[in-house]
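Peer 1: Take a look at the letters that make up each chain.
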Amino acid sequence: MAKGLGKKLITAPYTVWMMIFVIVPIALVIYYAFTDSGGAFTFSNLSYIRDYSRTFLISIELAVISTVICLLLAYPLAYSMSKMSAFKQQTMIMLVMLPMWMNFLIRTYAWMTILEGNGLINRAVRAIGFEGFHMINTNGAVTLGMVYNFLPYMILPIYTVLTKIDKSTVEAAQDLGANRFNVFKRVLLPMSIPGVISGITMVFVPAVSTFVISKLLGGGKTFLIGDVIENYFLGNTGTINYNVGAALSLVLMILILVSMTVMNKFDNGETAGGVI
Amino acid sequence: MSDNHLIELKNISVSLGGEQILKDLNLYINDKEFITLLGPSGCGKTTTLRIIAGFLRPDEGEVIFGNKKVNDVPPHKRQVNTIFQRYALFPHLNVFNNIAFGLRIQKRSKEEIKDKVTEMLSLVNLKGFEERDINSLSGGQQQRVAIARALAVNPKVLLLDEPLGALDLKLRKDMQVELKNIQQRLGITFIYVTHDQEEALSMSDTVVVMDGGVIQQIGTPIDIYNEPKNAFVADFIGESNIIDGIMPEDYVTEFAGQRFKCLDKGFAQNEPVDVVIRPEDVDVVPLEKGMLRGEVTSVTFKGVHFEIIVDVQGFKWMIQTTDYEEVGNKIGIYVEPDAIHIMKKSKYSGLYGDYSSFSDEIDLLSDVTYEEGDGNG
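First to last, the protein sequences are chains A and B.
The letter at position 28 of the first sequence is residue 28 when you use this note's numbering, and the numbering goes up by one with no holes.
The letter at position 127 of the second sequence is residue 127 when you use this note's numbering, and the numbering goes up by one with no holes.
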């Protein structure tokens with residue numbers, strides 16, 4: 001049928017695109033993960049996970065801490081934004097988005113110059129007569145970089161969900177005797193969970209796999225799983241090993257997939273069970 | 001009489017965004033009364049309801065519950081509950097938890113909550129719906145959950161903001177009967193907002209007709225229909241022919257160049273008045289027996305009767321008759337003295353009651369329904 005053919009022709013480019021840039025790379029990752037340098041099938045690459053279990057744990061730990069800090073910062077901000085006048089809301093959205101117009105690397109370099117031994121903060125602190133702090137190349141600096149870079153991805157989905165909540169549901173809750181605390185606890189918070197979930201996803205996934213932030217702000221002291229994988233693909237000629245890199249990537253992907261599934265289960269449970 | 005007042009609104013004025021919504025409104029509501037605020041979009045009826053609920057604070061005037069001024073009491077501390085226009089159910093909670101919402105806030109025991117929710121569900125004929133998701137319910141079922149949720153906390157007063165507006169005609173008729181039954185069974189005060197005059201007439205003990213932020217008339221449905229105070233009320237409630245006339249003396253009125261007996265008195269001699277004659281009160285008679293004579297210009301079949309438009313000396317009358325008349329027929333018109341209702345002239349005189357621009361009026365009516373959807377009526 002002509003109509004069916006037309007539809008197929010329209011979707012064809014996307015199908016091809018998805019094949020080339022999503023399916024094929026994943027297939028390649030899986031292929032490399034289960035082969036040795038000669039191309040023979042093997043499980044041995046996966047055994048490297050034992051060597052990097054500590055790195056995995058630190059990556060997850062820092063990603064979780066950053067995600068929690070992002071959530072704690074973003075929720076109150078998104079909540080108060082949703083209550084502002086239309087003009088103020090637009091201004092706030094602009095301010096949240098503004099840093100994202102600048103390149104990610106430049107933003108992170110900027111933090112280097114702020115946190116360095118002779119950086120902005122330390123110079124200011126010394127100027128008023130105190131000793132400087134050691135800030136760069138610590139886990140704290142890496143966490144700060146993650147929070148700074150990923151915060152907008154937490155604010156925006158929560159803000160969107162909060163503004164979409166029908167005002168009359170809030171009025172209905174007040175009408176049934178709910179004071180401000182109860183309105184928040186029993187209506188706004190549970191109804192905004194979907195936004196929180198997508199915010200967590202959008203912060204946790206890039207945070208757990210980052211290697212640029214840890215490299216620039218961690219200076220080699222904080223070595224995350226992203227850095228390990230990068231090294232296996234782009235390191236010195238001696239350390240390059242696509243097979244181990246692919247295996248570690250695969251494990252990371254599965255890890256993220258599992259945590260996202262758990263998160264979504266939590267979301268469904270919340271909406272169905274209600275707050276009691 | 002005045003000890004029976006549950007709620008009093010005294011000299012209430014409200015402006016929103018520079019526009020005056022309510023002007024010096026005075027209203028009292030009796031205990032256990034079914035009172036309806038009726039009027040077109042923008043007449044201030046929903047605003048009045050929101051003032052009683054506490055969502056809006058009047059710029060001037062007093063809101064009194066019992067004998068206490070409650071202007072500054074927030075909504076969650078008032079003993080009134082609201083059925084919202086679009087129900088405003090909690091989408092993250094199932095039917096049981098929606099109805100239990102108010103009870104949980106009052107920190108009632110688990111057994112008490114369960115008993116009350118079960119009782120409410122059977123009151124609104126939704127037994128067995130406890131675990132259902134709100135979004136899986138039909139409009140009528142959601143409406144019932146909203147009613148159950150509001151009644152679960154034993155309010156003294158239930159406020160209903162066009163609660164049946166989103167339902168289809170058949171369901172609306174059923175719910176009208178059901179709401180009236182619930183109100184009588186529970187013996188609580190209902191304050192009902194609607195722009196549907198038929199709904200107002202069939203359910204209410206008292207109807208408050210509003211327009212332009214001002215109460216036009218308060219009375220029983222029968223009073224409002226039979227004795228409208230001005231051309232606006234006469235036109236908004238049912239169909240009316242409103243004719244310019246004068247009162248030469250008591251019990252006599254003059255319009256269309258002729259004198260008629262009527263039952264009204266107390267006007268100044270030759271005072272200009274509006275004469276209201278309901279379409280169903282006009283008898284079609286043979287030409288020579290008519291008090292007035294006219295020519296049929298249109299006929300519409302309405303099921304129970306025909307609605308015919310008759311041109312009498314340039315003024316178009318609407319007449320409801322069970323006998324078919326052909327367009328172009330010359331007919332006589334006969335009106336009994338008790339079918340003639342005399343009103344004082346008002347700012348609405350001349351705006352309504354002439355059916356020569358009948359189609360325009362239909363446009364006007366559909367506008368009303370459309371704007372009402374905004375929920376700011």
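It should be emphasised that the hints constitute simulated quantities derived from the structure, not laboratory data.
Note that the structure is predicted; figures quoted are calculated from it, not measured.
Each hint should be verified, as a subset may be incorrect.
[As the list claims (entries may be wrong)] Straight-line C-alpha distance at most 30 angstroms; calculated BS3-like pairs for lysine-lysine:
hint : chain 1 : residue 1 : chain 2 : residue 2
1    : A       : K83       : B       : K316
2    : A       : K167      : B       : K10
3    : B       : K302      : A       : K167
4    : B       : K10       : A       : K185
5    : B       : K265      : B       : K302
6    : B       : K116      : A       : K185
7    : B       : K261      : B       : K32
8    : B       : K32       : B       : K77
[As the list claims (entries may be wrong)] Pulled a few chain B residues facing chain A out of the computed Cβ check, cut under 8 angstroms:
hint : residue
9    : F55
10   : N71
11   : L186
12   : G212
Where a beta carbon is used, it is the ideal one built from N, C-alpha and C, also for glycine.
Peer 1: Against this structure, judge whether each hint is valid.
Peer 2: Hint-by-hint comparison with the structure:
1. A:K83 - B:K316: Cα-Cα ~54 angstroms, so violated.
2. A:K167 - B:K10: holds, 28 angstroms
3. B:K302 - A:K167: Roughly 42 angstroms separates the two Cα atoms, so the pair is violated.
4. B:K10 - A:K185: violated, 36 angstroms
5. B:K265 - B:K302: violated, 36 angstroms
6. B:K116 - A:K185: Status holds; Cα separation ~23 angstroms.
7. B:K261 - B:K32: With Cα atoms ~41 angstroms apart, K261 of chain B and K32 of chain B exceed 30 angstroms; violated.
8. B:K32 - B:K77: Judged against 30 angstroms, a Cα distance of about 21 angstroms means the pair holds.
9. F55: Since chain A brings a Cβ to about 6 angstroms from F55 of chain B, closer than 8 angstroms, the hint holds.
10. N71: violated, 16 angstroms
11. L186: violated, 17 angstroms
12. G212: Interface hint status for G212 of chain B: violated (26 angstroms vs cutoff 8 angstroms).
Checked against the numbered hints above, the structure breaks hints 1, 3, 4, 5, 7, 10, 11, 12 and satisfies the rest.
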